[in-house]
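Colleague: Below, each chain spelled out in residue letters.
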Amino acid sequence: MTPTTEATTPAYTKKDFESDQTIRWCPGCGDYAILATVQSVLAGLGIPREEFAVVSGIGCSSRFPYYLSTYGFHSIHGRAPAIATGVKLANPKLSVWVVTGDGDGLSIGGNHLLHVLRRNVDLKILMFNNRIYGLTKGQYSPTSEQGKVTKSTPYGSVDNPVDPVNFALAAGATFVARSVDVFRQHLSDTVAAAAMHRGAAFVEIYQNCNIFNDGAFESLTAKATRDEKALYLEHGQPLRYGPDKSLGFALKGASLEKIDLKQHPEREKDLLLWDNQEPSGTLGMLANHLPKDPSNPVPLGIFRRLEKPTFDAGMRAQIDAARAKRGPGNLEKLLYSGTTWTV
Amino acid sequence: MSQSDSAVRPNRKVETLDQVVIRFAGDSGDGMQLTGSQFTNTAALMGNDLATLPDFPAEIRAPAGTLAGVSGFQLRFSSYDIHTPGDAPDVLVAMNAAALKVNLGDLRAGGLLIVNTGGFGKKELEMAGYPKSPLEGDALRAYRVVAVDLNDLTKRALEGLGLSMKEALRCKNFFALGVCCWLFSRPLDPTEAWIKTKFAKSEQMVEANLRVLRAGFNFADTTELFQTVYQVPPAAMPKGTYRNVMGNEALSMGFLAASELSGLELFLGSYPITPASDILHTLAAYKNFGVTTFQAEDEIAAITSAIGASYAGKIGMTTTSGPGVALKTEALGLAVSLELPLVLVNVQRGGPSTGLPTKTEQADLFQAVLGRNGEAPIPVIAAASPADCFYAAIEAVRLAIRYMTPVILLSDGYIANGSEPWLLPKVADLPKMPVRFAGQNGEPVPEKFLPYLRDEKTLARPWAVPGTPGYEHRIGGIEKADKTGSISYDPENHERMCKLRQEKVNRIASDCPPPEFEGDEDADIVVLGWGSTHGAITGAVRQARANGLSVARCHLRHVWPFPQGLGPILKRAKKVLIPEMNLGQLWRLVRSEYLVDAISLPKVQGRPFTSSEILEKIQSLS
Numbered sequence: 000m001t002p003t004t005e006a007t008t009p010a011y012t013k014k015d016f017e018s019d020q021t022i023r024w025c026p027g028c029g030d031y032a033i034l035a036t037v038q039s040v041l042a043g044l045g046i047p048r049e050e051f052a053v054v055s056g057i058g059c060s061s062r063f064p065y066y067l068s069t070y071g072f073h074s075i076h077g078r079a080p081a082i083a084t085g086v087k088l089a090n091p092k093l094s095v096w097v098v099t100g101d102g103d104g105l106s107i108g109g110n111h112l113l114h115v116l117r118r119n120v121d122l123k124i125l126m127f128n129n130r131i132y133g134l135t136k137g138q139y140s141p142t143s144e145q146g147k148v149t150k151s152t153p154y155g156s157v158d159n160p161v162d163p164v165n166f167a168l169a170a171g172a173t174f175v176a177r178s179v180d181v182f183r184q185h186l187s188d189t190v191a192a193a194a195m196h197r198g199a200a201f202v203e204i205y206q207n208c209n210i211f212n213d214g215a216f217e218s219l220t221a222k223a224t225r226d227e228k229a230l231y232l233e234h235g236q237p238l239r240y241g242p243d244k245s246l247g248f249a250l251k252g253a254s255l256e257k258i259d260l261k262q263h264p265e266r267e268k269d270l271l272l273w274d275n276q277e278p279s280g281t282l283g284m285l286a287n288h289l290p291k292d293p294s295n296p297v298p299l300g301i302f303r304r305l306e307k308p309t310f311d312a313g314m315r316a317q318i319d320a321a322r323a324k325r326g327p328g329n330l331e332k333l334l335y336s337g338t339t340w341t342v
Numbered sequence: 000m001s002q003s004d005s006a007v008r009p010n011r012k013v014e015t016l017d018q019v020v021i022r023f024a025g026d027s028g029d030g031m032q033l034t035g036s037q038f039t040n041t042a043a044l045m046g047n048d049l050a051t052l053p054d055f056p057a058e059i060r061a062p063a064g065t066l067a068g069v070s071g072f073q074l075r076f077s078s079y080d081i082h083t084p085g086d087a088p089d090v091l092v093a094m095n096a097a098a099l100k101v102n103l104g105d106l107r108a109g110g111l112l113i114v115n116t117g118g119f120g121k122k123e124l125e126m127a128g129y130p131k132s133p134l135e136g137d138a139l140r141a142y143r144v145v146a147v148d149l150n151d152l153t154k155r156a157l158e159g160l161g162l163s164m165k166e167a168l169r170c171k172n173f174f175a176l177g178v179c180c181w182l183f184s185r186p187l188d189p190t191e192a193w194i195k196t197k198f199a200k201s202e203q204m205v206e207a208n209l210r211v212l213r214a215g216f217n218f219a220d221t222t223e224l225f226q227t228v229y230q231v232p233p234a235a236m237p238k239g240t241y242r243n244v245m246g247n248e249a250l251s252m253g254f255l256a257a258s259e260l261s262g263l264e265l266f267l268g269s270y271p272i273t274p275a276s277d278i279l280h281t282l283a284a285y286k287n288f289g290v291t292t293f294q295a296e297d298e299i300a301a302i303t304s305a306i307g308a309s310y311a312g313k314i315g316m317t318t319t320s321g322p323g324v325a326l327k328t329e330a331l332g333l334a335v336s337l338e339l340p341l342v343l344v345n346v347q348r349g350g351p352s353t354g355l356p357t358k359t360e361q362a363d364l365f366q367a368v369l370g371r372n373g374e375a376p377i378p379v380i381a382a383a384s385p386a387d388c389f390y391a392a393i394e395a396v397r398l399a400i401r402y403m404t405p406v407i408l409l410s411d412g413y414i415a416n417g418s419e420p421w422l423l424p425k426v427a428d429l430p431k432m433p434v435r436f437a438g439q440n441g442e443p444v445p446e447k448f449l450p451y452l453r454d455e456k457t458l459a460r461p462w463a464v465p466g467t468p469g470y471e472h473r474i475g476g477i478e479k480a481d482k483t484g485s486i487s488y489d490p491e492n493h494e495r496m497c498k499l500r501q502e503k504v505n506r507i508a509s510d511c512p513p514p515e516f517e518g519d520e521d522a523d524i525v526v527l528g529w530g531s532t533h534g535a536i537t538g539a540v541r542q543a544r545a546n547g548l549s550v551a552r553c554h555l556r557h558v559w560p561f562p563q564g565l566g567p568i569l570k571r572a573k574k575v576l577i578p579e580m581n582l583g584q585l586w587r588l589v590r591s592e593y594l595v596d597a598i599s600l601p602k603v604q605g606r607p608f609t610s611s612e613i614l615e616k617i618q619s620l621s
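Chains as they are written, first to last, in numbering that gives the first Met the number 0: chain A, 0 to 342; chain B, 0 to 621.
In isolation and in its complexed conformation, chain B is listed as follows:
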């Protein structure tokens, strides 16, 4: 097959769609994440807007064929601006019986169901809990079913290559990918190029995967399985250069950017934890940017080493998830007391305790805002989408060094592993954030250096790093006397210091942009969100407005302290709706802060909101 004729076939009906939601589901060993990513990259290259939602089990390889072992990857690609990976899939690719069982309920009525009959043997059916094959009878009649034995076709495509049965079957995801590429008029070139790089070490594997991919494409082309070929034209996106990016990747690049913009090297102290480890992996590879990545012995050493590095003049940061934050809590309090810059990233997952390690949630907001002993205020910001992680990382560092404070950046599993097209910025357009270390700007050495003498505007204390002559001083977690930093147990001093630390953080409320607001100022309903609900809320509110409802939306990048301007927005609305992937944490904070009788829309299922869930709620309030 030549590359050029991977375009639409003239002998089929061609239908143009403005969006498609497709979900690949199979065993966790079936390569579904990889299949999904490759299909995503191709969609990106074709200029579609897109959003992805990987969904995989916590176990690396749960027993093959079981319901627990099902791994899924959902992609929505479109020819218009979208904000979520979609609600109900239009297309479901199910590689075995368990994958069908777990995912069928989500497929929209009339949706296209591509099943691998090779994964519906007696054993697979039993493990999935099907007393008889759902492929027989009329259990699936609500869908357009295309049943293909991918196992057999893959084996046949690989005949003569000398692969074992096991090795051959491992290629079957590429057969499915080839079929889908044909179905949605996607070229094979990007995947072929990827296969050649990925398997460069084994000529045999390159050959095998290419063969299977092309076999899938050709099979779809020559058989009469599909009456229609679909096209999804490119989306009208703002001009510029794009790449597809996942949240953890964007976050890592954001920290590299913050390093460049501040002129300080990064120090990441981290301990492996799902779903945050990819940030450690990513930054560990960029040592030429001057990044020190320290895989510590535990969560506590991860944060305390970062505090040590900040003390010595680096951007100290630590990345983790909820249980890790719990362990780091005492050290966070220390950073508050020391008034040193520090960034803690919490890629939230389902809790409490170990909870749902690979599933998403936003239930660590209270932990971030309130979860320390003593009066220990810490600013909290949140990333809204995969690409937004880049800017959130820069903002976290800006606040940390400008205010000499620890900052908590909340992401979550949904945006960490999800992806979207990112309109790349020019580095020269990003604002610089230079740092002045005390005693390194040619100023005369003071008679007595005062480590807690504050900047009038920000209330930040000076950052004097070891190695600076004349600025030797002692800091610690015991209460310090104002200005001198000496140990002090004086009652009035303690109250003054508590208030100063609080006031310093409060001032951030007027040093950040007003909250993002979309819609009419006098809208009856304001939907307020933070973090990764951004996409689902945007989709729902735009739909509701298109339906003629009086609704607007407001989004918080700076979650704590609340930014200036939030109060009036909430007070003038007749109703405030707060969808959150928790049982109402922002909702409680808003009520206590503004005495606004807001309405909570909670969801704690380890899955993100769909736009329709929020839309439904808006409609019920209208």
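Next comes chain A alone, as it looks inside the complex:
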């Protein structure tokens, strides 16, 4: 739902969104940072606490609802998007969130994720991507890099990974973003932007599993290198990054060309202005292709943000239209309709 600022909504603090359950993630897990950030964001949305329903699947990330003081639903592996669709259709007033992981959302539940995104159900979907199966103790996941050596792939994984952002763009999601567990402010802004979006909002959150895949995102998150490795996508702003914003990208044919502005200051005008309303998803995919070359930065922020009619509103509108046209259902009339005879 669109956040409201009704006077009746209490002014919450983060604490109001903490539950009484003991948190059981491993010490040092990236999930703690995400939880704290989300609790703060939810508190600031102006939505009554009882109107949040948070649905999850199975996996470490899916324990999330237990640690929020909202209505919470820890379900079965991969099915959270479908359950959340039912919740939202049943009560469109609710702010419905899905918390999932790379295995839950893209392996066993990939089908549901595809359909919830292409339907544009008004759900906020947070996918914690740690590129590993944590709860089952360390098998490779559908987002693990090719050749990944794990317990289930002692000779390295053979499959190509799926990229969650590309998946969401291709599925037609109306809001697609990426952030990182330890980039608190960026994560907070990104989750808040997702919360404000009307429609299916998909946020991939890079999350470090310090037990089974420690340092998966270290080249991006290390303090020393993060300015070189993070490319922040900001709508209407040129694609620039680097410690002194001296690097950037221009569109060249069907790819992005890296430009060193120190050497070529005259080319600043060529830099691509980021457009997250570009509807085809082509720009988003181009930017998302950059990290294939390890010398390139990783794009973070909002890849796409489009206003489109939502599935839940459309379904409700059909019911309203049917009632307006035919009047509310009359059971007696229905039973006695068609050909009847009396004995």
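By construction, these hints were calculated from the structure, which means they are not laboratory data. Treat the hints with care, since some could be wrong.
[Claimed, not checked] Okay, derived cross-link-like pairs now, DSBU-like style, lysine-lysine, Cα gap no bigger than 35 Å in a straight line:
| id | chain 1 | residue 1 | chain 2 | residue 2 |
| --- | --- | --- | --- | --- |
| 1 | B | Lys-425 | A | Lys-332 |
| 2 | B | Lys-482 | A | Lys-136 |
| 3 | A | Lys-324 | B | Lys-195 |
| 4 | B | Lys-195 | B | Lys-165 |
| 5 | A | Lys-222 | A | Lys-136 |
| 6 | B | Lys-12 | B | Lys-238 |
| 7 | A | Lys-92 | B | Lys-431 |
| 8 | B | Lys-425 | B | Lys-482 |
| 9 | A | Lys-324 | B | Lys-200 |
| 10 | B | Lys-447 | A | Lys-14 |
| 11 | B | Lys-574 | B | Lys-602 |
| 12 | A | Lys-251 | A | Lys-307 |
| 13 | A | Lys-324 | B | Lys-286 |
| 14 | B | Lys-574 | A | Lys-332 |
| 15 | B | Lys-482 | A | Lys-14 |
| 16 | B | Lys-456 | A | Lys-92 |
Guided by the hints, dock chain B onto chain A, whose structure is given.
Modeller: For chain B alone, kept in the frame of chain A given last:
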């Protein structure tokens, strides 16, 4: 022809019958289901009791003229109370050679066989595997054969209308219908009215079908094909208003009724599957009743979306058939653990795997009763007949919301697509089943809401829906601590929760009517059935009793847990016979539950029991 003289002709012999079983058979493109339905509606309007059995291939259009492509529709109409679509047809209408080949064996000796000679060309005979035409020689001499070239007569009736040959031939089923209407003294008005509505978009098609229908009627009237005209007077039915209804239709209306009686909107999550899809189609059209129908991406999303809707305060339901239930099984377990209301409808078909999608079976009873991981009890109820589906749907919802539990409702292809007259209830007479959501009745908000604190009588937990302030809580598929619902791995707690969930379902056994029983209490043989065998068993037992045998019958609406009162019935009988369209699933459950040495009468042919099959077994036991 005026409408009034569609009555009996004075120049023919008139014979009055108390029942007729007629089967229309043709290619799946020949419109046999439609012909059968129209003849059924007319019989209903004439006050006959009736029962129908459509039988069609899984393929939409199997190659024309092949045995695999034969589609049939059997109707039994009568002037007395009947329970099945009949055993052997008295009349067979065969539109082509393949239809004759597939169906002839069922026609009773001396039966009337109306064949369309236009469907017995060289090609049709070859495809049906007839080396020479069965219409020649004496292959059919056991029957009264009326051979008519319906193709030619239809084409001639349509001359000058400007239809192509193909379009014209498509009308030939109405010629057959016209002939049958004359033969059984049926008026054409209901079919004419139907044609005018159905083909309203094309004046030409209305004209064509009307012409052919009337041509068939007049042809039968003016030619000397039939020496006798038959009458089947109305049946003495209980007073009231009736309509003809198919099982899936009655089921859909039952859910709408349950919605009204409970004051809750319906949410149907479903994925198309034969033979359950018609429920989705039907409910999708009733949006003005506040029904949300969600055609999900798969069977799993269908049930999980319904669970989500139940969580948010709707009547969540999902409709499917056996293979779909297999996919939904994990989610059913979740619903057991969450203790949320949910109705799963399984319109059973032949299995295993894809099995026989368009044929009937009752072989999913074990799946319903036992088919989940862990201790996951779910009450199972079954519909007995097409009209009974209405009441079964209401009962499923009642149990689901009263006990906060998933409920499985078993129907099957036979009653889903079969039809019968339904004595319509008054909505005001149906019992209300109001729901109390926690925190919405003006009660003070508790200090700490306990989502698994149970009702003393039913052991149901409270239903607190998102949006209710002060009742925020977490639920999930991990074992919950008693009362608080927090995650718990405590061994004693797990055992307590398993027993509580079991006990809750067990209590339904004393919250439902005793099993339906007909006959003398001290009868030697009790025939026990569940689901759609109701009609065949009733017919067989009544016949056996009329023949002087000591036999009674017992029927289970509540299949699991077994209702109170079943044990004594089975234990006092000398013999218990259990006919089922499976290899003995209720039989095994009864033996294990009551240590009764019951006798199984299994049948898994994709076809329902005939009464005579059961009668024969009863006689052999007597």
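Colleague: Of all the hints given earlier, name the ones this structure violates by number, lowest first.
Modeller: 8, 14
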